[in-house]
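A.B. asks: As a plain string of letters, each chain reads:
There are 2 protein chains.
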Amino acid sequence: MSRPAALEERLGHRFNDARLLEQALTHRSHGAGNNERLEFLGDGVLGCAIAEELFGRFPGLPEGKLTRLRASLVREDALAEVAGYLGLGGAMRVGAKQQVTRAVLADAVEALIGAVFVDGGYAAARGAVLAAMGPLLDRLDPDQPAKDAKTELQERLQAKHLPLPQYRIVSREGEAHRQSFEVECSITEPPLTALGRGTSRQRAEQEAARALLEKLR
Amino acid sequence: MSRPAALEERLGHRFNDARLLEQALTHRSHGAGNNERLEFLGDGVLGCAIAEELFGRFPGLPEGKLTRLRASLVREDALAEVAGYLGLGGAMRVGAKQQVTRAVLADAVEALIGAVFVDGGYAAARGAVLAAMGPLLDRLDPDQPAKDAKTELQERLQAKHLPLPQYRIVSREGEAHRQSFEVECSITEPPLTALGRGTSRQRAEQEAARALLEKLR
Numbered sequence: 040m041s042r043p044a045a046l047e048e049r050l051g052h053r054f055n056d057a058r059l060l061e062q063a064l065t066h067r068s069h070g071a072g073n074n075e076r077l078e079f080l081g082d083g084v085l086g087c088a089i090a091e092e093l094f095g096r097f098p099g100l101p102e103g104k105l106t107r108l109r110a111s112l113v114r115e116d117a118l119a120e121v122a123g124y125l126g127l128g129g130a131m132r133v134g135a136k137q138q139v140t141r142a143v144l145a146d147a148v149e150a151l152i153g154a155v156f157v158d159g160g161y162a163a164a165r166g167a168v169l170a171a172m173g174p175l176l177d178r179l180d181p182d183q184p185a186k187d188a189k190t191e192l193q194e195r196l197q198a199k200h201l202p203l204p205q206y207r208i209v210s211r212e213g214e215a216h217r218q219s220f221e222v223e224c225s226i227t228e229p230p231l232t233a234l235g236r237g238t239s240r241q242r243a244e245q246e247a248a249r250a251l252l253e254k255l256r
Numbered sequence: 040m041s042r043p044a045a046l047e048e049r050l051g052h053r054f055n056d057a058r059l060l061e062q063a064l065t066h067r068s069h070g071a072g073n074n075e076r077l078e079f080l081g082d083g084v085l086g087c088a089i090a091e092e093l094f095g096r097f098p099g100l101p102e103g104k105l106t107r108l109r110a111s112l113v114r115e116d117a118l119a120e121v122a123g124y125l126g127l128g129g130a131m132r133v134g135a136k137q138q139v140t141r142a143v144l145a146d147a148v149e150a151l152i153g154a155v156f157v158d159g160g161y162a163a164a165r166g167a168v169l170a171a172m173g174p175l176l177d178r179l180d181p182d183q184p185a186k187d188a189k190t191e192l193q194e195r196l197q198a199k200h201l202p203l204p205q206y207r208i209v210s211r212e213g214e215a216h217r218q219s220f221e222v223e224c225s226i227t228e229p230p231l232t233a234l235g236r237g238t239s240r241q242r243a244e245q246e247a248a249r250a251l252l253e254k255l256r
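Just so you know, the protein sequences line up as chains A and B, in that order. Just so we're on the same page, our numbering is the position in the first sequence counted from 1, plus 39. Just so we're on the same page, our numbering is the position in the second sequence counted from 1, plus 39.
A portion of the hints provided could be inaccurate.
Since the list can't tell identical chains apart, any single copy or any two copies may satisfy a pair.
[Said to hold, decoys possible] In silico DSS-like cross-links for lysine-lysine, where the CA-CA straight-line distance does not exceed 25 angstroms:
#1 K136 x K189
#2 K199 x K189
#3 K136 x K254
#4 K104 x K254
#5 K189 x K104
#6 K199 x K254
#7 K199 x K104
I should point out that these hints are in silico values taken from the structure, not numbers from a laboratory.
So that you can see chain A by itself, here it is in the shape it has in the complex (with noise of 0.2 angstroms):
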């Protein structure tokens, strides 16, 4: 693989063994020798480093919003926009029948934080994702309003590691054009259950999260 200076550029780190740049763009498609153990590492590290970087850049902001800020951050979406403005895309190394989808993409963004770790130790790794995330960083809006009940709850389990909630339909009624439906959202740790009615699933949903979080509160 040639070597990719314009990905070193924009993460702002030269790899002293260029093998784990290899390493973090490969995907587990290709065989050994795969990005998932870094993946793993990168994982956590890019959590510290983002929870870092928010601590010092919101002295003042309550513990709910920074944690709703950093999942922001890490979510697929975020890291797959992230593989975008560092070229990942065709700097992949996969399977024959392997598609460099956004979870691909998302997992390679952790990955290569994870062999600058490994490359640097935390200060370069840190500054990798400052250099990566600068554009999202810089659009993060503090005061965003709350999130939806389900989203909330996703993002409150997340941030614990624990399961995520389960919903599922406990009954349908009513002709098409005025449906009523009746939806169970279940969560393991603590086990606890709630019900919600809506007109559509998706408001059931809600409703259900929303009376799931009031248990846990």
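Guided by the hints, dock chain B onto chain A, whose structure is given.
C.D. replies: Positioned in the frame of chain A, the structure of chain B alone reads:
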């Protein structure tokens, strides 16, 4: 607050700014200057330090097993155990009506790690994580991560050639589409029983097994 020298010794970090330590041990129920923002930061730092340690300690372990090991270390149970080792129970500042629960203690461990990070940087915080979580790290078994509770209980008993657990439904409430089950799990050696609730028999059994594992520990 008197300076908790024993705590600093167990963390392997003496604070330059003792106010950070005080803040880390102040629950939100106590008022302003509480540990919520430090907890947000510490959560990220902890995830990173644990990822780094697992990545280095288990060079051949695939990503899935690393992820499960990390989850087992950052869950509330594990952090509450660390809080016990650090002796946080008596050091917390909480509001008059606030119990020092396992959740309060687990959050304070994260806040402490965040405080060390602010006070001394990543290397100091990583050192504190390893000092505080050393016992948990040393007893990790990379080949036996995160089984579900019923499997873990069964395997634990089998390993000691003890009789297997029995599960029985204690009560079943509600209509067909929103039932709640209560299940009792019992073992004979040592003679213990535990209850679990859930929206299905299977979930209730898992909860009962989890509660019984807690009693065994």
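A.B. asks: All hints are to be evaluated individually against the structure, with a verdict given for each.
C.D. replies: Against the structure, the hints:
1. K136 x K189: Answer is neither; intra-copy 35 angstroms and inter-copy 31 angstroms both fail.
2. K199 x K189: Classified as both: same-chain Cα gap 16 angstroms, cross-chain 23 angstroms, threshold 25 angstroms.
3. K136 x K254: between (27 angstroms within a copy, 20 angstroms between copies)
4. K104 x K254: within (21 angstroms within a copy, 32 angstroms between copies)
5. K189 x K104: Classified as within; 16 angstroms inside a copy, 29 angstroms across copies.
6. K199 x K254: Both: 17 angstroms inside a chain and 23 angstroms across chains, each within 25 angstroms.
7. K199 x K104: This pair counts as both: shortest intra-copy Cα distance 15 angstroms, inter-copy 19 angstroms.
Hint 1 from the list above is the single one not met by this structure.
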